[in-house]
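Student: Sequence:
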Amino acid sequence: MKHSDNSDHGSELDPIEIRVRALESLLVEKKLVDRAALDVLVDY
Numbered sequence: 001m002k003h004s005d006n007s008d009h010g011s012e013l014d015p016i017e018i019r020v021r022a023l024e025s026l027l028v029e030k031k032l033v034d035r036a037a038l039d040v041l042v043d044y
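The opening position of the sequence shown corresponds to residue 1 in the numbering used here, with each subsequent residue numbered one higher.
Any given hint might turn out to be false.
Here are the simulated distance ranges between beta carbons [stated by the list, open to error]:
no.: 1; residue 1: Pro15; residue 2: Val42; range: 15 to 21 Å
no.: 2; residue 1: Leu13; residue 2: Arg35; range: 15 to 21 Å
no.: 3; residue 1: Lys31; residue 2: Ser11; range: 27 to 33 Å
no.: 4; residue 1: Ser11; residue 2: Leu32; range: 29 to 35 Å
no.: 5; residue 1: Asp34; residue 2: Ser11; range: 26 to 32 Å
no.: 6; residue 1: Ala37; residue 2: Glu12; range: 24 to 30 Å
no.: 7; residue 1: Tyr44; residue 2: Glu12; range: 27 to 33 Å
no.: 8; residue 1: Glu17; residue 2: Ala37; range: 19 to 25 Å
no.: 9; residue 1: Asp34; residue 2: Glu12; range: 15 to 21 Å
no.: 10; residue 1: Leu32; residue 2: Glu12; range: 14 to 20 Å
No lab work stands behind these hints, which were simulated from the structure alone.
Ideal Cβ placement from N, Cα and C applies to all residues, glycine included.
From just these sequences and the hints, can you work out the full model?
Tutor: Encoded structure:
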């Protein structure tokens with residue numbers, strides 16, 4: 001699954017996408033997960 005960037009299209013994120021991004025940011029900030037490792041898992 002590829003990571004898409006909706007900013008070029010001017011469309012807003014749906015509530016699930018907002019929650020996922022917030023959760024990912026929080027986990028990375030607290031050093032509980034590595035962003036690169038998440039990318040590998042999601043792309044798998």
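Student: Each hint should be assessed against the structure and marked as holding or not.
Tutor: Structure-based check of all given hints:
1. Between Pro15 and Val42 the beta carbon distance is about 19 Å. The supplied range of 15 to 21 Å therefore holds.
2. Range check, Leu13 to Arg35: about 18 Å between beta-carbon atoms, so the 15 to 21 Å window is met.
3. Under the hint 27 to 33 Å, the C-beta atoms of Lys31 and Ser11, about 32 Å apart, fit the expected range.
4. For Ser11 paired with Leu32, a C-beta distance near 30 Å keeps the hint of 29 to 35 Å intact.
5. Separated by about 29 Å at the C-beta atoms, Asp34 and Ser11 satisfy the suggested range of 26 to 32 Å.
6. Taken as a hint, the range 24 to 30 Å holds for the pair Ala37 and Glu12, whose Cβ atoms sit roughly 28 Å apart.
7. A beta carbon spacing of about 28 Å between Tyr44 and Glu12 agrees with the range 27 to 33 Å that was offered as a hint.
8. Judged by the Cβ atoms, the range 19 to 25 Å given for Glu17 and Ala37 holds: they are separated by roughly 20 Å.
9. A beta carbon spacing of about 28 Å between Asp34 and Glu12 contradicts the range 15 to 21 Å that was offered as a hint.
10. Between Leu32 and Glu12 the Cβ separation comes to about 28 Å, which falls outside the hinted range of 14 to 20 Å.
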